[in-house]
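Q: These are the residues of each chain, in order.
2 protein chains.
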Amino acid sequence: MNVHIVTIGDEILIGQIVDTNSAWMAQQLNLIGAQVIGITTVADTDESILEGLKNATENADVVLMTGGLGPTKDDITKKTLAGYFKTGLVFHQKTWERIVRLFERRGRTWTEAHREQCFMPQNATIFKNKMGTAPGMWFEENGKVYVSMPGVPYEMKYLMEYEVMPRLKEKFPGKPIAHRTILTVGEGESRLAKRMERFEKDLPKNLKLAYLPGLGQVRLRISGTGDNEQILNAHLDEKVEEVKTLIPEFIFGFGTDKLEAAVGRVLNGKELTIATAESCTGGFLAHKITSISGSSAYFMGSVLAYSNEVKMNQLSVKEETLKAYGAVSEETVREMVGGILSLLKTDIGVATSGIAGPSGGTEEKPVGTVWIAVGNREKIITRKLIIGKDRLKNIEYSTVQALNMVREFVIAGY
Amino acid sequence: MNVHIVTIGDEILIGQIVDTNSAWMAQQLNLIGAQVIGITTVADTDESILEGLKNATENADVVLMTGGLGPTKDDITKKTLAGYFKTGLVFHQKTWERIVRLFERRGRTWTEAHREQCFMPQNATIFKNKMGTAPGMWFEENGKVYVSMPGVPYEMKYLMEYEVMPRLKEKFPGKPIAHRTILTVGEGESRLAKRMERFEKDLPKNLKLAYLPGLGQVRLRISGTGDNEQILNAHLDEKVEEVKTLIPEFIFGFGTDKLEAAVGRVLNGKELTIATAESCTGGFLAHKITSISGSSAYFMGSVLAYSNEVKMNQLSVKEETLKAYGAVSEETVREMVGGILSLLKTDIGVATSGIAGPSGGTEEKPVGTVWIAVGNREKIITRKLIIGKDRLKNIEYSTVQALNMVREFVIAGY
Numbered sequence: 001m002n003v004h005i006v007t008i009g010d011e012i013l014i015g016q017i018v019d020t021n022s023a024w025m026a027q028q029l030n031l032i033g034a035q036v037i038g039i040t041t042v043a044d045t046d047e048s049i050l051e052g053l054k055n056a057t058e059n060a061d062v063v064l065m066t067g068g069l070g071p072t073k074d075d076i077t078k079k080t081l082a083g084y085f086k087t088g089l090v091f092h093q094k095t096w097e098r099i100v101r102l103f104e105r106r107g108r109t110w111t112e113a114h115r116e117q118c119f120m121p122q123n124a125t126i127f128k129n130k131m132g133t134a135p136g137m138w139f140e141e142n143g144k145v146y147v148s149m150p151g152v153p154y155e156m157k158y159l160m161e162y163e164v165m166p167r168l169k170e171k172f173p174g175k176p177i178a179h180r181t182i183l184t185v186g187e188g189e190s191r192l193a194k195r196m197e198r199f200e201k202d203l204p205k206n207l208k209l210a211y212l213p214g215l216g217q218v219r220l221r222i223s224g225t226g227d228n229e230q231i232l233n234a235h236l237d238e239k240v241e242e243v244k245t246l247i248p249e250f251i252f253g254f255g256t257d258k259l260e261a262a263v264g265r266v267l268n269g270k271e272l273t274i275a276t277a278e279s280c281t282g283g284f285l286a287h288k289i290t291s292i293s294g295s296s297a298y299f300m301g302s303v304l305a306y307s308n309e310v311k312m313n314q315l316s317v318k319e320e321t322l323k324a325y326g327a328v329s330e331e332t333v334r335e336m337v338g339g340i341l342s343l344l345k346t347d348i349g350v351a352t353s354g355i356a357g358p359s360g361g362t363e364e365k366p367v368g369t370v371w372i373a374v375g376n377r378e379k380i381i382t383r384k385l386i387i388g389k390d391r392l393k394n395i396e397y398s399t400v401q402a403l404n405m406v407r408e409f410v411i412a413g414y
Numbered sequence: 001m002n003v004h005i006v007t008i009g010d011e012i013l014i015g016q017i018v019d020t021n022s023a024w025m026a027q028q029l030n031l032i033g034a035q036v037i038g039i040t041t042v043a044d045t046d047e048s049i050l051e052g053l054k055n056a057t058e059n060a061d062v063v064l065m066t067g068g069l070g071p072t073k074d075d076i077t078k079k080t081l082a083g084y085f086k087t088g089l090v091f092h093q094k095t096w097e098r099i100v101r102l103f104e105r106r107g108r109t110w111t112e113a114h115r116e117q118c119f120m121p122q123n124a125t126i127f128k129n130k131m132g133t134a135p136g137m138w139f140e141e142n143g144k145v146y147v148s149m150p151g152v153p154y155e156m157k158y159l160m161e162y163e164v165m166p167r168l169k170e171k172f173p174g175k176p177i178a179h180r181t182i183l184t185v186g187e188g189e190s191r192l193a194k195r196m197e198r199f200e201k202d203l204p205k206n207l208k209l210a211y212l213p214g215l216g217q218v219r220l221r222i223s224g225t226g227d228n229e230q231i232l233n234a235h236l237d238e239k240v241e242e243v244k245t246l247i248p249e250f251i252f253g254f255g256t257d258k259l260e261a262a263v264g265r266v267l268n269g270k271e272l273t274i275a276t277a278e279s280c281t282g283g284f285l286a287h288k289i290t291s292i293s294g295s296s297a298y299f300m301g302s303v304l305a306y307s308n309e310v311k312m313n314q315l316s317v318k319e320e321t322l323k324a325y326g327a328v329s330e331e332t333v334r335e336m337v338g339g340i341l342s343l344l345k346t347d348i349g350v351a352t353s354g355i356a357g358p359s360g361g362t363e364e365k366p367v368g369t370v371w372i373a374v375g376n377r378e379k380i381i382t383r384k385l386i387i388g389k390d391r392l393k394n395i396e397y398s399t400v401q402a403l404n405m406v407r408e409f410v411i412a413g414y
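Top line first, the protein sequences correspond to chains P and V.
Just so we're aligned: 19 in our numbering is position 19 of the first sequence, and the numbers increase by one with no gaps anywhere.
Just so we're aligned: 303 in our numbering is position 303 of the second sequence, and the numbers increase by one with no gaps anywhere.
None of these hints come from the bench; they were simulated from the model.
Incorrect hints may appear among the rest.
Note: identical chains are not told apart, hence a pair may lie in one copy or across any two.
[Stated by the list, open to error] Here are the simulated DSSO-like cross-link-like pairs (lysine-lysine), alpha carbons at most 27 Å apart as the crow flies:
| hint | residue 1 | residue 2 |
| --- | --- | --- |
| 1 | Lys389 | Lys157 |
| 2 | Lys79 | Lys205 |
| 3 | Lys130 | Lys384 |
| 4 | Lys201 | Lys79 |
| 5 | Lys94 | Lys194 |
| 6 | Lys258 | Lys393 |
| 7 | Lys389 | Lys258 |
| 8 | Lys171 | Lys157 |
| 9 | Lys318 | Lys157 |
| 10 | Lys171 | Lys86 |
Given only the sequences and the hints, what does the whole structure look like? Please build it.
A: Structure (structure tokens):
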């Protein structure tokens with residue numbers, strides 16, 4: 001199945017936002033064996049949308065459109081689509097009832113613009129958008145499929161996952177394609193590739209290994225095609241088992257798993273509780289932990305100690321320690337772990353202190369220097385990172401490392 | 001001048017990288033009054049590039065191509081371009097000499113692929129690429145301009161800045177275009193549109209208003225064209241002033257500003273310090289505040305109180321309060337503010353407690369119910385939100401609301 005993505009939005013054409021939707025969609029479509037043959041961004045005008053549609057339709061079986069909906073501008077895209085399919089707009093009662101309920105629940109009132117949002121091209125199949133007000137639309141004409149979705153990323157992702165992709169798979173069944181994704185943390189792409197060299201060389205022609213690096217994490221994806229789905233899946237599972245023996249210490253999960261979820265599982269598995277004492281990560285570590293549903297079972301709380309006063313008064317870091325070694329030091333994060341353990345009475349404590357930047361560094365401790373400690377009442381492990389000058393990257397990378405240290409600490413059974 | 005950007009690259013079509021080049025180019029082009037009418041991504045094949053070129057040329061005066069060059073795949077784009085312009089490839093001695101010098105300086109040797117990189121379409125004007133080996137190419141045909149540049153961002157940016165943009169400005173001395181972006185928080189798109197109805201209706205033909213909604217925030221963009229840049233800019237500034245009088249309470253910044261930066265500015269302006277006491281936002285609120293460089297001047301720290309024990313022991317929330325009203329209640333967040341103020345001795349405290357979901361709700365307090373309180377020693381303001389079922393969205397939306405409540409509280413001068 002050939003897909004052309006059409007993104008509707010002046011904000012992309014003036015460079016105000018970067019189109020990240022298309023890359024996500026392309027990845028997902030690839031996983032079901034679809035090929036994205038083109039991505040086109042057009043303006044929010046009838047003429048541009050028609051032009052984009054016309055060009056996209058030439059070689060594609062499926063045209064996926066995002067954007068150009070929403071209460072203030074939905075007319076254009078919907079009217080253009082109705083014109084393109086030579087049909088009219090009709091009022092969609094179900095969508096209207098859903099919007100009214102949504103507003104009632106939020107204790108707010110709808111406006112005329114929301115009512116107008118409910119007029120839909122007559123030939124459209126309407127997809128309920130659980131994440132927002134503008135529904136998705138599916139059209140079929142001359143064996144081709146056209147889908148229109150809102151441009152808000154989480155709304156588009158919801159519709160793709162639950163409505164569009166399952167229907168596309170059914171309508172365009174191709175040669176079986178399957179994937180396995182192995183999630184690793186704690187080792188870089190090139191070193192992993194070295195460990196996997198032999199394995200990669202020996203892969204049969206129908207299997208392919210790809211490295212997808214992220215911040216502190218690398219995903220390994222094995223993709224394969226075959227004539228028989230069952231044999232292909234068995235073959236892939238076999239290869240995953242082989243990888244497990246090659247780099248066991250770096251694998252924390254598979255598929256769409258998350259490191260913070262893996263951390264939650266190891267804590268739950270040993271019935272351990274945790275608390276964080278954060279300086280440079282400023283709450284991002286706790287946010288990651290609590291982004292997992294059910295984390296209240298093992299996460300008790302945190303003290304974010306940005307100022308030295310909070311480090312001393314709440315976490316019992318000694319003034320002499322701060323004076324002798326500084327806030328960004330192994331000694332300080334060790335005392336922070338001790339402090340949070342006695343304060344919140346959890347089994348495990350994790351502490352971070354660093355210079356997130358972009359300013360504030362010294363020759364001895366450059367921007368990007370971060371100390372992390374993880375421990376319980378018996379043992380504390382520490383690690384020093386030297387990252388870079390980008391504030392957010394420093395915060396995110398430290399958080400990944402801290403989560404992985406917790407994972408390693410719990411697995412080691414200290 | 002109408003510009004169509006054509007990005008050549010399989011890595012974009014499989015979603016491996018996000019096309020950030022186009023957004024940068026669009027921004028730069030806008031600043032010189034050019035209008036980007038479309039962005040198209042095509043595959044690394046002769047056929048796709050030709051197709052993309054054909055479609056792009058239809059309505060554009062200028063076609064800017066990036067990617068598809070470089071030692072491993074340059075043949076395709078250059079041969080395609082030579083074919084398109086019905087010309088041949090000739091050896092470009094100057095480029096060759098530059099590459100040889102470059103390699104000598106680096107103490108490396110060139111390969112045959114680098115020699116082949118020096119064959120260029122005969123009708124091309126060659127731009128020296130100081131940042132890499134693949135030069136830029138400029139073509140003119142039937143009054144239209146075609147430019148081919150490498151896809152490596154800093155190479156493309158160098159060529160755009162020093163070669164392409166100056167020549168485009170000279171060749172198409174066009175009408176100036178300018179934009180203003182007004183950032184708002186605390187009111188939805190359709191209600192803002194209602195307040196702005198008259199203003200929007202009365203806008204002269206050369207100005208256009210667009211609504212760009214995000215989670216809890218809406219950006220308003222006024223774009224305009226004119227004959228005189230100075231008059232146009234004055235006109236836009238006037239309109240911004242008008243908008244300021246129409247929806248003053250919702251505007252927190254302009255351009256690429258951020259809400260958390262605006263909060264930092266109002267705190268800094270009154271020399272106030274702040275601390276957070278978070279339950280459902282789990283550190284995300286503190287993370288947003290500390291994502292701003294320099295936040296250590298006003299942010300002292302937080303207590304993240306996920307468990308009731310931490311709410312009671314660290315934040316002095318009374319056991320009776322939790323029993324009578326529950327952890328997700330106005331009474332609890334009020335006491336949390338009181339607790340964090342006495343604990344960390346800041347001027348302002350902000351507290352959140354809610355059911356982030358996706359499970360854990362009751363009929364009385366459904367998933368997505370969140371209470372927020374902001375206050376000082378004299379006054380505490382509270383707000384109840386009912387959001388939705390998506391955990392991350394609940395956390396992010398609550399955080400935006402909490403930040404805005406802090407902004408409002410400080411501005412009100414309680």
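Q: Decide, hint by hint, whether the structure agrees.
A: Hint-by-hint comparison with the structure:
1. Taking the shortest Cα distances, Lys389 and Lys157 sit within 27 Å of each other only across copies (15 Å), while inside one copy they are farther apart (32 Å).
2. With identical chains, the CA atoms of Lys79 and Lys205 are at most 27 Å apart between copies only, with a shortest distance of 22 Å across copies and 44 Å within one.
3. Proximity of Lys130 and Lys384 under a CA criterion of 27 Å is satisfied inter-copy only: 22 Å between copies versus 44 Å inside one chain copy.
4. Taking identical chains as interchangeable, the C-alpha atoms of Lys201 and Lys79 lie at most 27 Å apart only when they sit on different chains, with a minimum of 21 Å there against 51 Å within one chain.
5. Proximity of Lys94 and Lys194 under a CA criterion of 27 Å is satisfied inter-copy only: 25 Å between copies versus 56 Å inside one chain copy.
6. With identical chains, the CA atoms of Lys258 and Lys393 are at most 27 Å apart both within one copy (18 Å) and between copies (17 Å).
7. In this homomeric assembly, Lys389 and Lys258 come within 27 Å of each other (Cα to Cα) both inside a single copy, at 26 Å, and across copies, at 20 Å.
8. Taking CA atoms no more than 27 Å apart as the test, Lys171 paired with Lys157 passes inside one copy only; the shortest distance there is 20 Å, against 43 Å between copies.
9. When the C-alpha separation of Lys318 and Lys157 is checked against a cutoff of 27 Å, the pair qualifies neither within a copy, at 49 Å, nor between copies, at 42 Å.
10. With identical chains, the CA atoms of Lys171 and Lys86 are at most 27 Å apart within one copy only, with a shortest distance of 24 Å there and 42 Å across copies.
Violation of the numbered hints given earlier is confined to hint 9; every other hint is satisfied by the structure.
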